[in-house]
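Chains A and B are the protein sequences, given in the same order.
Going by the working numbering, the letters in the first sequence line up with residues 1 to 389, in that order.
Going by the working numbering, the letters in the second sequence line up with residues 1 to 249, in that order.
Just so you know, the hints here were simulated from the structure itself, not pulled from any lab data.
Quick reminder that beta carbons are idealized off the backbone N, C-alpha and C, glycines included.
Honestly, I wouldn't trust all of these hints.
Derived lysine-lysine pairs resembling BS3-like cross-links, with alpha carbons at most 30 Å apart [what the hints assert, rightly or not]: (1) A:Lys299 <-> B:Lys86; (2) B:Lys195 <-> A:Lys114; (3) B:Lys182 <-> B:Lys247; (4) A:Lys197 <-> A:Lys46; (5) B:Lys50 <-> B:Lys178; (6) B:Lys247 <-> B:Lys195; (7) B:Lys32 <-> B:Lys195; (8) A:Lys46 <-> B:Lys2; (9) B:Lys196 <-> A:Lys114; (10) B:Lys196 <-> B:Lys32; (11) B:Lys197 <-> B:Lys247; (12) B:Lys182 <-> B:Lys197; (13) B:Lys178 <-> B:Lys197; (14) A:Lys114 <-> B:Lys178; (15) B:Lys32 <-> B:Lys247.
Cβ pair distances, simulated, as ranges [as the list claims (entries may be wrong)]: (16) B:Asn124 <-> A:Asp312: 52 to 62 Å; (17) A:Met275 <-> B:Leu238: 16 to 26 Å; (18) B:Glu221 <-> A:Leu382: 32 to 42 Å; (19) B:Ala209 <-> A:Met275: 32 to 42 Å; (20) A:Thr295 <-> B:Thr66: 25 to 35 Å.
Example chain B residues on the side facing chain A (calculated, C-beta under 8 Å, incomplete) [claimed, not checked]: (21) Gly30; (22) Val31; (23) Glu69; (24) Asn181; (25) Leu185; (26) Pro186; (27) Pro189; (28) Leu216; (29) Pro218.
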Amino acid sequence: MDQDLYAIDSALSEDERAVRDSVRRFVDERVMPVIGPAYIDGRFPKELIPDMAALGLFGANLPVEYGCAGLNNVAYGLIMQELERGDSGIRSFASVQGALVMYPIYAFGSDEQKARYLPAMASGEIIGCFGLTEPDFGSNPSGMITTAHEQSNGSFVLNGAKMWITNGSTAQVAIIWAKTGADDKSIRGFIVPTDTKGFSATDQKGKLSLRASDTSELVLQDVCVPRTHILPKSGGLKSPLMCLTQARFGIAWGAVGAAMACYEEARSYATTRVMFGRPIGGFQIQQQRLADMLTEIVKAQLLALHLGRLKDAGTFTPQQVSLAKRNNVNIATDIAREARRLLGANGILAEYASMRHMANLESVYTYEGTHDIHTLILGQALTGLNAFN
Amino acid sequence: MKIAVCIKRVPDTETRIAIAANRTAIVETGVKFILNPYDEFAVEAALQLKQAHGGDVMVVSLGPDTIQETLRVALAMGADRAVQLKTDGAPFDTLSVASALAAELTTYAPDLVLLGKMAIDDYNHAMGPALAELLGMPCVSAISKLTVADGRLTAEREVEGGVEVVTAPLPAVLTADKGLNKPRLPTLPGIMAAKKKPMEVRPAALGVARVVVRSLEPPPERPAGRIIGEGAAAVPELIRLLQTEAKVL
Numbered sequence: 001m002d003q004d005l006y007a008i009d010s011a012l013s014e015d016e017r018a019v020r021d022s023v024r025r026f027v028d029e030r031v032m033p034v035i036g037p038a039y040i041d042g043r044f045p046k047e048l049i050p051d052m053a054a055l056g057l058f059g060a061n062l063p064v065e066y067g068c069a070g071l072n073n074v075a076y077g078l079i080m081q082e083l084e085r086g087d088s089g090i091r092s093f094a095s096v097q098g099a100l101v102m103y104p105i106y107a108f109g110s111d112e113q114k115a116r117y118l119p120a121m122a123s124g125e126i127i128g129c130f131g132l133t134e135p136d137f138g139s140n141p142s143g144m145i146t147t148a149h150e151q152s153n154g155s156f157v158l159n160g161a162k163m164w165i166t167n168g169s170t171a172q173v174a175i176i177w178a179k180t181g182a183d184d185k186s187i188r189g190f191i192v193p194t195d196t197k198g199f200s201a202t203d204q205k206g207k208l209s210l211r212a213s214d215t216s217e218l219v220l221q222d223v224c225v226p227r228t229h230i231l232p233k234s235g236g237l238k239s240p241l242m243c244l245t246q247a248r249f250g251i252a253w254g255a256v257g258a259a260m261a262c263y264e265e266a267r268s269y270a271t272t273r274v275m276f277g278r279p280i281g282g283f284q285i286q287q288q289r290l291a292d293m294l295t296e297i298v299k300a301q302l303l304a305l306h307l308g309r310l311k312d313a314g315t316f317t318p319q320q321v322s323l324a325k326r327n328n329v330n331i332a333t334d335i336a337r338e339a340r341r342l343l344g345a346n347g348i349l350a351e352y353a354s355m356r357h358m359a360n361l362e363s364v365y366t367y368e369g370t371h372d373i374h375t376l377i378l379g380q381a382l383t384g385l386n387a388f389n
Numbered sequence: 001m002k003i004a005v006c007i008k009r010v011p012d013t014e015t016r017i018a019i020a021a022n023r024t025a026i027v028e029t030g031v032k033f034i035l036n037p038y039d040e041f042a043v044e045a046a047l048q049l050k051q052a053h054g055g056d057v058m059v060v061s062l063g064p065d066t067i068q069e070t071l072r073v074a075l076a077m078g079a080d081r082a083v084q085l086k087t088d089g090a091p092f093d094t095l096s097v098a099s100a101l102a103a104e105l106t107t108y109a110p111d112l113v114l115l116g117k118m119a120i121d122d123y124n125h126a127m128g129p130a131l132a133e134l135l136g137m138p139c140v141s142a143i144s145k146l147t148v149a150d151g152r153l154t155a156e157r158e159v160e161g162g163v164e165v166v167t168a169p170l171p172a173v174l175t176a177d178k179g180l181n182k183p184r185l186p187t188l189p190g191i192m193a194a195k196k197k198p199m200e201v202r203p204a205a206l207g208v209a210r211v212v213v214r215s216l217e218p219p220p221e222r223p224a225g226r227i228i229g230e231g232a233a234a235v236p237e238l239i240r241l242l243q244t245e246a247k248v249l
C-alpha cells in the first residue's frame with residue numbers, strides 16, 4: 001500500500017519486496033484497466049495469460065529446473081496478494097494453475113509427467129484445472145461418486161461430474177480425482193487432457209461473483225486415459241487435501257490483497273470526496289471505518305507473513321492454514337463491504353473496485369474449505385472432538 | 001557491443017516527501033525508492049540492443065550501499081553486471097559525480113553509454129552532457145528512438161513542433177526520453193537470477209563539489225478552489241475571471 005504504517009516492509013527481504021513490486025506494477029498497468037469491463041462482460045481476460053507467464057507467475061514457488069521461478073513461500077504469497085488486489089478471479093487463475101495443477105504433478109507425478117507438463121504450464125502453453133468438488137459433494141469430498149475403473153489393458157475409464165471448476169472451459173488438462181475402488185482410500189488423481197472423448201466442460205452461467213473468472217461444470221462420460229495418466233504417488237483423500245492446503249495458503253494472502261485494494265480506494269475517496277463543505281475523511285465515522293480496516297489488514301498481513309515463514313521452515317500445519325484462510329477472508333469481506341459503504345452511491349459502480357471485491361469475496365469465503373468448515377477444523381484441533389458428522 | 005547504463009536510485013513519485021531538519025535533504029525513512037524512470041528507458045534500450053546485436057550490459061550507479069537494491073533491479077531486468085561506486089551520501093554536484101562515473105566508464109570502454117535524460121529527484125538534465133564531455137564522446141540528449149548499425153547510431157529527438165533525426169559515430173553518450181520504449185518488468189526468475197550476477201563495489205573517485213544544496217523548501221500550498229455559481233448563468237463570470245484573474249484565456 002502507499003502507506004506502510006506498520007512498517008511491514010521491514011519484515012520482508014529485498015527479493016520479496018522486488019517480487020511484490022514487479023507484480024504490483026503488472027497488476028496496476030495490465031489488470032486494472034481491463035478488469036472492470038471484463039467483470040461486467042463476465043469473461044476472464046485471457047489476453048493476460050502470456051504476460052502472466054512471462055513474468056513467471058505460474059507455479060512460482062516450484063523449482064527452477066521445471067522452468068519455474070524457485071521463489072520462497074513468502075514471495076509466492078505476495079504474488080497472490082498483488083494479483084488479488086486486481087481481482088479474485090485473476091488470483092484464482094494463478095492459484096489453480098500453480099497450487100492445484102502444477103503442485104500435484106510436482107508432488108505426485110512421475111518424472112515424465114513433471115518434465116512434460118511443468119515447463120509447459122509455467123510458460124502458459126498448457127492451462128490446467130482441478131476437479132475435486134462434485135454437485136453433491138463439496139465440503140464432504142470423501143463422498144465423491146466419480147469413478148475410475150481399471151481396464152484389462154491397464155488403462156482407466158472415468159465417469160462422473162465435477163462442479164465449480166475454475167479454468168474448466170479454458171484448460172487443456174484437468175486433474176481429476178476419482179475413486180478406483182469403494183472407499184476414499186481409493187481416490188487417485190488423473191491427468192486428463194480436456195480434448196479426450198467423453199470429456200465436456202460447460203460454463204457456469206448466472207454468477208454474481210467471480211464474474212472475471214471461468215467457472216465450469218465438467219462431465220466425464222466413459223473418458224478413457226492410459227495408465228501413464230495416473231498420478232503415481234497420489235493415494236487417498238489426503239492427496240487432494242494437500243493440494244488444497246497449498247491453495248488455501250495462497251488465498252490467505254490473496255484476501256489481504258483484495259482488502260488492501262478496498263481500503264486504498266476508500267482512503268483515497270475519503271480524502272477527496274467533499275460533503276458538508278469538507279472531505280468526508282474528516283468525519284469521525286469515516287475515520288473509524290478506515291482505522292478499523294487498516295488495523296485488520298495489518299493483522300492479516302502479519303498472520304499471512306508468519307504462516308509463510310512457517311511454510312518456508314517446513315513446519316506449517318493445515319490447521320494453521322485454516323486459521324489464516326478463515327480469518328483473512330472473513331476480514332476482507334467486512335472491509336470490502338465497509339469500503340463500499342464509505343463510497344456512498346458511487347460504491348455500487350463497476351468504475352470502483354470495492355463492490356466487485358465484495359461480491360468476489362463471497363465466493364472466496366465459500367471455496368477452498370468454507371468458513372464454517374475451517375471453523376470445525378480449528379474446533380477439532382482445539383478440543384480433539386470431531387464436529388463434522 | 002559493450003553498453004554501459006548509468007542509473008540512479010530516486011524516491012518514488014507517489015511517495016510523500018518530508019524535508020529533514022537540516023533542510024538540505026529529505027527524510028529517507030519510510031520513503032519508497034525506485035529506479036529513476038528515465039534510466040529505466042535507458043536500461044531497456046540497452047537490453048534491446050544486446051538482444052539485437054549481442055554483447056554485454058553493465059549498469060553503474062554511485063552512492064551508499066542502499067543503491068545496490070536499485071542495481072539489482074536493473075540486473076533483474078537483464079543487465080549482465082553491476083558496479084557500485086561507493087560514497088557515504090548522495091552527492092549533488094553533477095561534475096563531481098560525472099568525474100567518478102567517467103573514470104569507471106573509461107576502464108569498461110563501452111561502445112555506448114546510456115542514461116536517463118534526467119533524474120526525477122533533482123531534475124538537473126546535466127549528467128549525460130557532462131559525461132560525454134569528460135569521455136570525449138558525442139552526446140545526443142533526450143532521444144525517443146534509437147537504431148545502431150555499422151558503428152553509427154541514428155536517434156530521433158522530439159523537438160518543438162517536430163522530430164529531429166541525428167546520427168553520430170560510436171562510442172557515444174545517449175540520454176533517454178519518455179517514448180523511447182516500454183521498459184520490461186523484472187520477471188520473477190530474473191529477480192532470482194540477479195542475485196548471482198556480479199556486483200563490484202569500488203570507492204567513488206569523486207571530483208571537487210562546487211555546487212552544494214543550500215536549502216530545500218516545500219512548494220507553497222495551493223489556494224482552495226472557489227465555486228462561482230451553477231449552470232449557464234455562471235459562465236460569463238467564469239470567463240471573465242479566467243481572463244482577468246487567472247489570465248489563462
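Here's how the hints hold up against the structure:
no. : hint                              : in the structure
1   : A:Lys299 <-> B:Lys86              : violated (39 Å)
2   : B:Lys195 <-> A:Lys114             : holds (27 Å)
3   : B:Lys182 <-> B:Lys247             : violated (38 Å)
4   : A:Lys197 <-> A:Lys46              : holds (25 Å)
5   : B:Lys50 <-> B:Lys178              : holds (20 Å)
6   : B:Lys247 <-> B:Lys195             : violated (55 Å)
7   : B:Lys32 <-> B:Lys195              : holds (21 Å)
8   : A:Lys46 <-> B:Lys2                : violated (39 Å)
9   : B:Lys196 <-> A:Lys114             : holds (26 Å)
10  : B:Lys196 <-> B:Lys32              : holds (24 Å)
11  : B:Lys197 <-> B:Lys247             : violated (56 Å)
12  : B:Lys182 <-> B:Lys197             : holds (24 Å)
13  : B:Lys178 <-> B:Lys197             : holds (28 Å)
14  : A:Lys114 <-> B:Lys178             : violated (43 Å)
15  : B:Lys32 <-> B:Lys247              : violated (38 Å)
16  : B:Asn124 <-> A:Asp312: 52 to 62 Å : violated (43 Å)
17  : A:Met275 <-> B:Leu238: 16 to 26 Å : holds (24 Å)
18  : B:Glu221 <-> A:Leu382: 32 to 42 Å : violated (55 Å)
19  : B:Ala209 <-> A:Met275: 32 to 42 Å : violated (52 Å)
20  : A:Thr295 <-> B:Thr66: 25 to 35 Å  : holds (30 Å)
21  : Gly30                             : holds (7 Å)
22  : Val31                             : violated (10 Å)
23  : Glu69                             : holds (6 Å)
24  : Asn181                            : violated (14 Å)
25  : Leu185                            : holds (5 Å)
26  : Pro186                            : holds (5 Å)
27  : Pro189                            : holds (5 Å)
28  : Leu216                            : violated (22 Å)
29  : Pro218                            : violated (18 Å)
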